[in-house]
Amino acid sequence: MSNVQLLAEVTGNLGSIGYGLAAIGPGVGIGIIFGQGVQAIARQPEAYGLIRQNMILGFVFAEALALIGIALAFAFRA
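Letter by letter, the sequence shown follows residues 1 to 78 of full-length UniProt numbering.
In case anyone wonders, no lab produced these hints; they're calculated from the structure.
This one's a predicted model, so the numbers in the text were calculated from it and none came from an experiment.
Be aware that one or more of the hints could be misleading.
[To be verified] Pair by pair, the computed Cβ-Cβ distance ranges are:
{"hint": "1", "residue 1": "GLY31", "residue 2": "GLN53", "range": "15 to 25 Å"}
{"hint": "2", "residue 1": "VAL60", "residue 2": "GLY18", "range": "22 to 32 Å"}
{"hint": "3", "residue 1": "ALA71", "residue 2": "ALA47", "range": "11 to 21 Å"}
For each residue, glycine too, the CB sits at the ideal point set by N, CA and C.
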C-alpha cells in the first residue's frame, strides 16, 4: 500500500475551524433573544422599554462570548 494518495489535507490553523463551530452558540442565542423579545413586545406593548433593555443586554453578553472566542483563536495561534 505504498501507492496510497492523500485525498485531503488540513493545513493552517485549526483554531479557525474551532472558532467557526463555537460561533454557532452565540448566533443561536442572539436569534432566540430577539425572537422571544419580539414576542414579548407583541404580548405586552406597554413593557416595551424594559423588554428592549433586556434584549440589548442579552445581545451584548452573547456577542461578548463570540468576541472572546475570536480573540482567543488569535491568541493561541500556533
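Original post:
For the pair GLY31 and GLN53, does the Cβ-Cβ distance stay inside 15 to 25 Å?
Top reply: holds (19 Å)
Original post:
At the C-beta level, are VAL60 and GLY18 separated by a distance inside 22 to 32 Å?
Top reply: Roughly 23 Å apart at Cβ, these two residues keep to the hinted range, so it holds.
**OP:** Hint says 11 to 21 Å; check whether the CB-CB distance for ALA71 and ALA47 agrees.
**Re:** violated (35 Å)
In terms of the numbered hints stated before, the structure departs from hint 3 and from no other.
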